[in-house]
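Turn these sequences into a full structure, and let the hints guide you.
6 protein chains.
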Amino acid sequence: MKPGTPHLDIPFYQAAGDEVEVFEHAWKNRLPLLIKGPTGCGKTRFVAHMAARLGLPLYTVACHDDLTAADLVGRHLIGEGRTVWCDGPLTRAVREGGICYLDEVVEARKDTTVVLHPLADDRRILPIDRTGELLEAPPSFMLVVSYNPGYQNLLKGMKPSTRQRFISVRFDFPRPEQEEAVLIGETACPPDLARRLVAIAGALRALKDRDLEEAASTRLLVYASLLIKDGMDPIAACRVGIVESLTDDPEIAEGLMEVVSATFGR
Amino acid sequence: MKPGTPHLDIPFYQAAGDEVEVFEHAWKNRLPLLIKGPTGCGKTRFVAHMAARLGLPLYTVACHDDLTAADLVGRHLIGEGRTVWCDGPLTRAVREGGICYLDEVVEARKDTTVVLHPLADDRRILPIDRTGELLEAPPSFMLVVSYNPGYQNLLKGMKPSTRQRFISVRFDFPRPEQEEAVLIGETACPPDLARRLVAIAGALRALKDRDLEEAASTRLLVYASLLIKDGMDPIAACRVGIVESLTDDPEIAEGLMEVVSATFGR
Amino acid sequence: MKPGTPHLDIPFYQAAGDEVEVFEHAWKNRLPLLIKGPTGCGKTRFVAHMAARLGLPLYTVACHDDLTAADLVGRHLIGEGRTVWCDGPLTRAVREGGICYLDEVVEARKDTTVVLHPLADDRRILPIDRTGELLEAPPSFMLVVSYNPGYQNLLKGMKPSTRQRFISVRFDFPRPEQEEAVLIGETACPPDLARRLVAIAGALRALKDRDLEEAASTRLLVYASLLIKDGMDPIAACRVGIVESLTDDPEIAEGLMEVVSATFGR
Amino acid sequence: MKPGTPHLDIPFYQAAGDEVEVFEHAWKNRLPLLIKGPTGCGKTRFVAHMAARLGLPLYTVACHDDLTAADLVGRHLIGEGRTVWCDGPLTRAVREGGICYLDEVVEARKDTTVVLHPLADDRRILPIDRTGELLEAPPSFMLVVSYNPGYQNLLKGMKPSTRQRFISVRFDFPRPEQEEAVLIGETACPPDLARRLVAIAGALRALKDRDLEEAASTRLLVYASLLIKDGMDPIAACRVGIVESLTDDPEIAEGLMEVVSATFGR
Amino acid sequence: MKPGTPHLDIPFYQAAGDEVEVFEHAWKNRLPLLIKGPTGCGKTRFVAHMAARLGLPLYTVACHDDLTAADLVGRHLIGEGRTVWCDGPLTRAVREGGICYLDEVVEARKDTTVVLHPLADDRRILPIDRTGELLEAPPSFMLVVSYNPGYQNLLKGMKPSTRQRFISVRFDFPRPEQEEAVLIGETACPPDLARRLVAIAGALRALKDRDLEEAASTRLLVYASLLIKDGMDPIAACRVGIVESLTDDPEIAEGLMEVVSATFGR
Amino acid sequence: MKPGTPHLDIPFYQAAGDEVEVFEHAWKNRLPLLIKGPTGCGKTRFVAHMAARLGLPLYTVACHDDLTAADLVGRHLIGEGRTVWCDGPLTRAVREGGICYLDEVVEARKDTTVVLHPLADDRRILPIDRTGELLEAPPSFMLVVSYNPGYQNLLKGMKPSTRQRFISVRFDFPRPEQEEAVLIGETACPPDLARRLVAIAGALRALKDRDLEEAASTRLLVYASLLIKDGMDPIAACRVGIVESLTDDPEIAEGLMEVVSATFGR
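Residue numbers (full-length UniProt numbering), protein chains in the order written: chain A, 1 to 266; chain B, 1 to 266; chain C, 1 to 266; chain D, 1 to 266; chain E, 1 to 266; chain F, 1 to 266.
Keep in mind the hints are simulated off the structure, nothing from the lab. There could be a bad hint or two in this list.
For chains that are exact copies, the list does not tell them apart, and a pair is met inside one copy or across any two.
Unchecked claim - Within a straight-line C-alpha distance of at most 16 Å, the following computed EDC-like cross-link-like pairs (lysine to aspartate or glutamate) qualify:
#, residue 1, residue 2
1, Lys36, Asp172
2, Lys159, Glu96
3, Lys28, Asp122
4, Lys28, Asp71
5, Lys28, Asp230
6, Lys36, Asp248
7, Lys36, Glu19
8, Lys159, Asp248
9, Lys229, Glu186
10, Lys229, Glu21
11, Lys229, Glu24
12, Lys28, Asp121
13, Lys36, Asp18
14, Lys229, Glu177
15, Lys229, Asp192
16, Lys159, Asp121
17, Lys36, Asp87
18, Lys28, Asp172
19, Lys28, Glu251
Please read all numbers here as calculations on a predicted model, not as lab measurements.
Given below as C-alpha cells:
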C-alpha cells in the first residue's frame, strides 16, 4: 500500500452513533475534527475507516512529549552535498489533500500544536517558516486529532485557543452487543466466547481508577479471542492477552484472574 | 495566493471599534502594533483585512516554543557545494516592505522575541548577525503581533522591554448585533439562526471561569452555522460544533446542551 | 554467523512455565509480545532460544536514554559523496521478517516507543518518514519487548496505550531446582556446588531493595561456578564473581561475604 | 545607512547628566563601557548619538538567547568550493575601529559573553581561535554593552568577571523638563501636549511595582505624541499608545485611563 | 610501543592481593572484568602489567561524555578515492584477541556501554552495523572496565544489567611502604622525603568525603617530590604541589598546610 | 606583536608572593600549572609577564561554552581546491614550545578539556586524530590554566582527576602597598591618589558576600585612576569606574558612594 492512493479495502468499522455523518459533514465543510475517548475504543480504526471510505490518503502521527514542530512540518536534511527539505507528515497531508490524523494530541507539548492553528482556521494555510513556502490546503485536506480525556494530565490539557478550532465528537467503549459484534467481526470467534470476553471486559472496566490505571480496551479482547481460537487454553489466553497487559502488580493480577476463571469456570 | 503580492479581494471584516483607524495611524507613523484579545474574536482576520486594504503583502508566523531566532531571521543552508543564506519570514517582510504578523507571540520564548527590538524601535533596522547585513525597513513595513491575555501564563508573559515598543489595541467579543452581522456575513445563514446562535454564545460566555475554562468564540458559532446550513440537525450541530469543543466534562456538556435545546426547542 | 540466517545451534533454555507455547502462539497470530521480569532471569536467553527454535533472525536492541527513533529506524549516512540510507535494526527486522527484541524498553525515550505503535497494531506497518517508505511487516516478523517492573520508575512506565498493544508474559527467577539444573547445564559443575551457589543467590535476593539495588542474577552464579571449577577458592570466587558485582559499599560487601562464608564454611 | 561609514547626521539626544563626557573619557582612555537603565530611556539612542558625534561606525548586536560566540566573532562558511571565513559584527568592529554595541547583553548566555574578555582588558586583543588570527583593537575601537537591571534573572546576570571589565553608567528616566524637551525634539509636538504627556508618565511611574510591572518609558510618550499629532483623539491615542501597552488587566487599564482623561479633560 | 604487538618488557607491578590470579582466572574462563578503585591507585598500571604478562596487546580507551559508539567500534575513512573502514580500539582488540581496557567507564554515555553488552555476554560477539560484519571474539580476547565508586555520580551509576555481566575486583591506594617505593622509583628522592610525603598523603586521605572531595593521588606526591628535588622549599612545594590542588577553601587549605608543616617542621 | 615570537618588552608585574619562583620551578620540571584567584587580580598579566621573562611565545585562549576541541587543536580548511590543516592555539604552542594559557578554564565544556589530559600527564604528548600526528611537547612547552574559585558554579567545577594533574597557585588581591605600587606602575598616578583608591577598594572588599557579589578588583582601580588622570572629577570617576560596576542596586550604590566621598571629601 502506498500513501496517496485510496485504500481499496475499507477496514471494518462498527458505528456506535452518528460519528460517520459528523465526519462527512466536517469534511465537506472543511472543518477540522477532534475525537475524544478512552484508549482502544476504536478511534484510530474509525479514522482509518473514514479515510478509506472517502478515498483519501491517511497520515497518522502518534504524538508524544518529544514531538517537535519540525517533526510535523518537516526539516532540512543533507542530501548529496546539499540541503534537502524533507516534508513532515502534516505537510505531506496538506500537499496531497489527505487526512492528517494526530493521535493522542495532548501528549504533544502545547507549543507544538500551535503550528496547527493556521491550518485549523478558515485560512487553511500552512506557512513553512524554514523554506518560506506557504501552502494552501486543498479542499480534500482534513485535520483530525484525538485524545483521551481520562488520561489527560493536568499539565497537558489542550489550550482553549487550539480546541476551539475544532468540532468535537465524543467516543466511548462500545455497548456490549456492539462489542460482541466487533469481536465476531474481527476474529470470527463463536458468539459464546465473544459474550464471555465482553463480560470480562465489563468487569475489568469497573476497576478503572481503583486498581487499574486504564480500562481494558477492545483490542485486548481481540487478542485473547485470537489466542483462544488458536487453541490456547482460554484462561491462559486471558492471562497473557488481557490481565498481564493491564497490571504489573502480582496481587491485582491474581484478582483479575479470579474474574477470568469465574467466567470460564475452572 | 502567493505571498509577496497584495491580496486582490479584501476579506470580510466587521469593525467593532476604532481599530481600523488605529491600524492606519500606526502604519502611517511606522509604529509597531500589538493586538490583544481572546481566542477566535477575529484578530487574525483583522490583520488579513488590513493588509488587503493597504495592499501590502502579509507574512504570518504562528509562534510556538520551538521558534528560534533563525526561524524569524533566516539561516544558512547548503546549496550546491556552498553555503546559502535563506531569509526568514521577518527578513522577507522587511525586504519587501510588507506586514509581518506574529500570531500568539507569547508562545515564542521571550529570548527569541528579543530579535524584534531593533525593528520595533524608531531605528527600524534589522541587523543580521550571521551575514553582517543591516536591513533598513522601508516605510511600508509594519510589525504586528497578537496574543491572548487570558491565557498568558506566568512563564510566558512578554518582557516589558518588548511590550513597550508597541502600541496596543484590545479586542473583545463583538456585541450581539455585530456578531449576528458577522455570522450572516460569513455563512450567509438566515438572520433567525444567527440570532439563536448568538443567544447561545451569550449564555455560554456567562459561564466562563466558573464551569468553562474559556468563553465560546465567534468561530464556533460560524462552525455550528455551517453545519446547520449543510443540513445537520441544529441541536446535533451545536453539540459537535460548540458544546463538545468547550468542555470534556460529560455533566457540564449536558448542562450546555440544555441551553442549546432551550434555544432551538426540542 | 550472519544475522538473517537461522541459528544452527539452539541455545540452551530451561523453560519454567508455558512461555514457549505462548511465544509460539503469539508468533503464529502475529501478536507482539511483552516480557516482564527482573534482571538476569533469562529473558534475553529465552528470546534467543525462541528465535533459534523458530529459525528466525534476531535483532536485539538494548534500550537506553539516548536511543533515538533514528537509531531504531535508520538514518541517512554520507557515503562517497552521496547520502545512503542505512536501515536501523527495527527496519532490518521488518524487512527480513525476523524478530526484533527491544530489551528494557522503558529505558528508551517516548518518541522511540511511539515508533512501535503502527507495528504493534493490527496494521503491522512501519512508516519511514525520512524516506517516505511504508513497510508492511511480513507474517514471520515479530516484535518482542521486555522490561523490569521492579526497576521501572513511574515516569518511565509504559503508557497504557502502548502496553495494551502487547500480550504479556511474566518471568521470575527460576525455582531453586531449576536454577541448579541451569547451573549444571551451563557449567557442568558438581550438584553440591550448584546447590550452595543457589542457596547464596536465594539469600542475596532477599536483600534486594534494602541493601542491594538489584537481585543477583543467574549469570553471576554461572560466573562463580566457572571460576570455582577453574580451581579458584570458592570464597574468593564468590567475592569477585558475585559480591563485588552487586555492591560498591564495602560494609555491605562484608555482610554479603558473611553469607558466602557461612555457606562454604571458613 | 551602511555600517562602516560614519553617520552624517547626528541623531537628536538630550543629555541628562554627565554621560556624554563619561563616554568621551572612556573612549579616549580605551575603556569599555556598560550602560544600565530601564526600557526605553534612551540607551540605544545615546550610543547612536555618540557614535555619530565621534564619527565612528556603529555595530549593533541585539543579544538573544541563541546568540553564540560564533555569531559575534565569525565563522567559516563554504564559498565556491573553499572555506571562507566570515567576520561577525564584533570582529568587524575591531577591524574597522568602530563602536561595537551589544544591546541587552544579559539576554545572551553568560558563556557567550566570555569572548569579550580579552577585548575588554587592557590587552584589547581579539584572538580568533578558529583562524589563528589575533586582532589588536585600534585606538578608535570601543566596546559598549547595555542592559536593564530591573529585569535581570538568576541564570542570566552578568558574571562579575565580565562586569568588572567595564566602567558603568546608570541611566534613568529623564527629569520632567528634560523629558518634555525630548518629546518636543522627537515629535515637534506643542509644548502643552508635551507637558501633559509627561505628567501622565509621572503619574503612571508612581504605580510601578504596585499595579504595573514596569514603568512607562519615554518611548511610549513619543508614540502617543506621534499619534496625536497625526490627528488621533488624544485620549484614544493615550489608550493605544500608553495604557494598553502597560497592562493587560482591564481594571487597571480603566484606572490608568482615569489618569489620562483627568489630564486631557473629557 | 605499537598497539597490536605484545609488550616485551613487563611493567613493574606490585600486587596488593589476589588480583593477579583473579585476572588470570577471568581471562582463562573468558569472563569480562570490572575493576573499582579511586583515582590514581594503579588500576591502569595493573592492566598494563597483566597484558604484558599474558603477552596480549592492550587497547586502552579513556571514556568521557562525548565518546561515541563509533569511536569504539570504528568508522569509514576515505582513502585514495575509495572508502576504507578503520577499526576502533574495541574492534581491533576483538580481531587480534587482545585486551580492551575502558577506563572510567561510567563517564561514557549509555549508548556507548550498550555496545559492550554482546561482548560481555557468553555470546562474545561484536556486531558492526555499518559494515554488517559480526565478529566472534577469539578465546584470548578480554574486556576490562574500571571505575571510581567514590566519584561515581548518581546520574551515572552503571546499570545493574551492565554490572552483572562482569566479575569485579576492588582496588585501593597502595600501602605506605609500597607508595614510598613508587616515589623513590619515580623521582629518585631520598627515602626520608618519601616517607614524609607518604605520611602527608595518608593524613590527607583520611579527610576524604569530609573536608576534601577527593583523596590525594600518588601523582601529586610525585609532583611535590620533583619540586623539592628542584630546590624548592618543601613546605612551599607541598602547598603548590599538593594542597592547593586538592581544595579551594582557604581554611581547609590552612588546615592541610598545618599537616604539611607538622611533617616538615617550621 | 605577533604570536609565536618572544615578547621583547616585559609587561609590568608586581609579584605578591613566590609565584614567580613557582612558575619557574614548574616550567623547569615540566609541570602544568593551575592559577586560582578572583577577577582582576592579575592572573592574565602574570602569565604574560612570565612568558616575556622566559622569552616564550604565549598563546591565550579565553574559554567559553562554544569552544570545541577542534578550536584548541586545529582543523582542516579548504584552500584553492585542496585541504589545508590549520593548527589551533594549543597545537601551535606545543609545536613552538611556548606557553599555552587557558583562561577561565571551567567555562569550557568537559569534553573540550579532555584533550588536555595527555599533555598534562608526564607523557606530555598531543595526539591529533584527524591528521594522525602525535606531537611530543618540547621541554620549553608549558600548560597554564586559570579559574576563579569564588565564581565556580556547581555544574562546572573541575573534575578532581583533572585538577590533580596540575600544581596550583592561589592568587589574591595584593596587599595595600603592593596595590598602590601597581596603580602607580600602571597609570603613573600620584601616590596620594593611589593611596585613596586603594583605601576605597579595601573598604569595598570588606562588603563582599554581604552586599556585593564580588570584591572590587584592581582593574577597577586602574580604570578609576585613568579617568581621574584624564581630568574627570574623582568622585564621578569612582562612580562610573568602580561603584556602578559592582552593583545594580541603587541603595547599595549610594552606600558605596558614601565611602568614596568620605575618601575624597565632598
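Going through the hints against the structure:
Within a single copy, Lys36 and Asp172 get their C-alpha atoms as close as 8 Å, which meets the 16 Å cut-off; across copies the closest is 29 Å, which misses it. Taking the closest pair of Cα atoms, Lys159 and Glu96 never come within 16 Å of each other, the shortest separation being 28 Å inside a single copy and 32 Å across copies. Proximity of Lys28 to Asp122 under the C-alpha cut-off of 16 Å is restricted to the intra-copy arrangement: shortest distance 13 Å within a copy versus 29 Å between copies. Taking the shortest alpha-carbon separations for Lys28 and Asp71, neither the intra-copy value of 28 Å nor the inter-copy value of 34 Å comes in at or below 16 Å.
With identical chains, the CA atoms of Lys28 and Asp230 are at most 16 Å apart between copies only, with a shortest distance of 8 Å across copies and 43 Å within one. In this homomeric assembly, Lys36 and Asp248 come within 16 Å of each other (Cα to Cα) only across copies, at 8 Å, whereas the closest approach inside a single copy is 27 Å. Proximity of Lys36 to Glu19 under the C-alpha cut-off of 16 Å is restricted to the intra-copy arrangement: shortest distance 12 Å within a copy versus 36 Å between copies. In this assembly of identical chains, Lys159 and Asp248 lie within 16 Å of each other by CA distance solely across copies; the values are 13 Å between and 33 Å within a copy.
With identical chains, the CA atoms of Lys229 and Glu186 are at most 16 Å apart within one copy only, with a shortest distance of 12 Å there and 37 Å across copies. Within a single copy, Lys229 and Glu21 get their C-alpha atoms only as close as 34 Å, which misses the 16 Å cut-off; across copies the closest is 14 Å, which meets it. Taking identical chains as interchangeable, the C-alpha atoms of Lys229 and Glu24 lie at most 16 Å apart only when they sit on different chains, with a minimum of 14 Å there against 36 Å within one chain. In the homo-oligomer, the alpha carbons of Lys28 and Asp121 lie at most 16 Å apart inside one protomer (15 Å), although the nearest pairing across protomers, at 29 Å, exceeds that limit.
Within a single copy, Lys36 and Asp18 get their C-alpha atoms as close as 14 Å, which meets the 16 Å cut-off; across copies the closest is 38 Å, which misses it. Taking the closest pair of Cα atoms, Lys229 and Glu177 never come within 16 Å of each other, the shortest separation being 20 Å inside a single copy and 34 Å across copies. Taking CA atoms no more than 16 Å apart as the test, Lys229 paired with Asp192 passes inside one copy only; the shortest distance there is 12 Å, against 45 Å between copies. Taking CA atoms no more than 16 Å apart as the test, Lys159 paired with Asp121 passes inside one copy only; the shortest distance there is 15 Å, against 28 Å between copies.
For the identical chains of this complex, Lys36 and Asp87 are neighbours neither inside a copy (28 Å) nor across copies (33 Å), given an alpha-carbon limit of 16 Å. Taking the shortest alpha-carbon separations for Lys28 and Asp172, neither the intra-copy value of 25 Å nor the inter-copy value of 30 Å comes in at or below 16 Å. In this assembly of identical chains, Lys28 and Glu251 lie within 16 Å of each other by CA distance neither inside one copy nor across copies; the values are 51 Å within and 30 Å between.
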